[in-house]
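Listed below, chain by chain, are the residues.
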Amino acid sequence: MWSGNDLSAEQAFGEIRRVDRQVRRSSRPTAVWWLACGIATAVYWSVMHFGREPYDTLAVVGWVVFSTASAFYLCRPGAYERRLYRLARVVMAVFLAATLFNVLVTPYVLENDGIWPVVVGVVGILVAAIPPLYGGWRGLKALRDLDREEPAIQ
Amino acid sequence: MTATTGSGHHPRHKLDEIIHAPVRLSIVAALAAAEKAEFRFLRDTIEVSDSLLSKHIATLEEAGYVRVQKGFVGKRARTWLSLTERGRKAFAEYVSVLQEIVTKPTKGAVDAPH
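Chains A and B, in that order, give the protein sequences.
Using our numbering, read the first sequence as starting at 170 and increasing by one per residue.
Using our numbering, read the second sequence as starting at 93 and increasing by one per residue.
Each hint should be verified, as a subset may be incorrect.
As the list claims (entries may be wrong) - Think about it this way: if two alpha-carbon atoms lie no more than 25 Å apart in a straight line, the pair counts; the simulated SDA-like pairs of lysine to any residue are: (1) 167/B to 145/B; (2) 196/B to 180/A; (3) 181/B to 183/A; (4) 106/B to 237/A; (5) 128/B to 237/A.
If you are wondering where the hints come from, they were derived from the structure by calculation, not from laboratory data.
Please construct the entire structure, taking both the sequences and the accompanying hints into account.
As structure tokens, then:
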């Protein structure tokens, strides 16, 4: 906390570093959510492509619950860390495109036999799950690197 | 145009006096690391009162360094702050002047006997 008005260059650098670390740490919930989203996506599309009744209905219910919980969870952060925020836009764009792909190929995967429907289904699962998993991994890796850095000057 | 702390040759005279004040430096540093940050997050991070934070944000907004956006999440009012391009550029310049000060040998150190 600041009390005086005089500020040396070292103090200024120390404060910049302290505040920077605090903002970067605030991105942890978002990174964890991306990982959870990647896992949930993989499970959801695996069930939708290859599951039978009643598991596909359960998957839809589970996805609705996950989406609702996400809306509340993602409202919590007080700051959006710059690098993760920019990465999130790319991840979200790829994720939405992959979701659309999966929606379109689901009838083909469900209604046909043989190796190709399985390959298409697996590709769909991977392209949908990898972007959020990558985003989460990148976010948590940045936080791990931050913890390894020397502590801020007080 | 940015306000500087003086007209001498020492790099400290090139410090932007709008940023070079304890609370404002913390605000700008936090916003430089964030795409946007909420008022309450800044208040808790910088450990200042709402009124003091508001006062300094108004100074930064007036200088064109900070953008203020008000919105609602549910029924809750939220104020989001972000750095403008001008603010980001001013902060980058401020940090480079600080680096210059830190790396510049002081007169005492140069004159000191070995």
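Cross-check of the supplied hints:
1. 167/B to 145/B: OK: residue 167/B and residue 145/B at ~23 Å, within 25 Å.
2. 196/B to 180/A: Holds, because 16 Å separates the two Cα atoms, which is no more than 25 Å.
3. 181/B to 183/A: Holds: residue 181/B and residue 183/A sit about 20 Å apart, inside 25 Å.
4. 106/B to 237/A: Distance of about 51 Å is beyond 25 Å: violated.
5. 128/B to 237/A: holds, 24 Å
Going down the numbered hints, you'll see the structure goes against just number 4.
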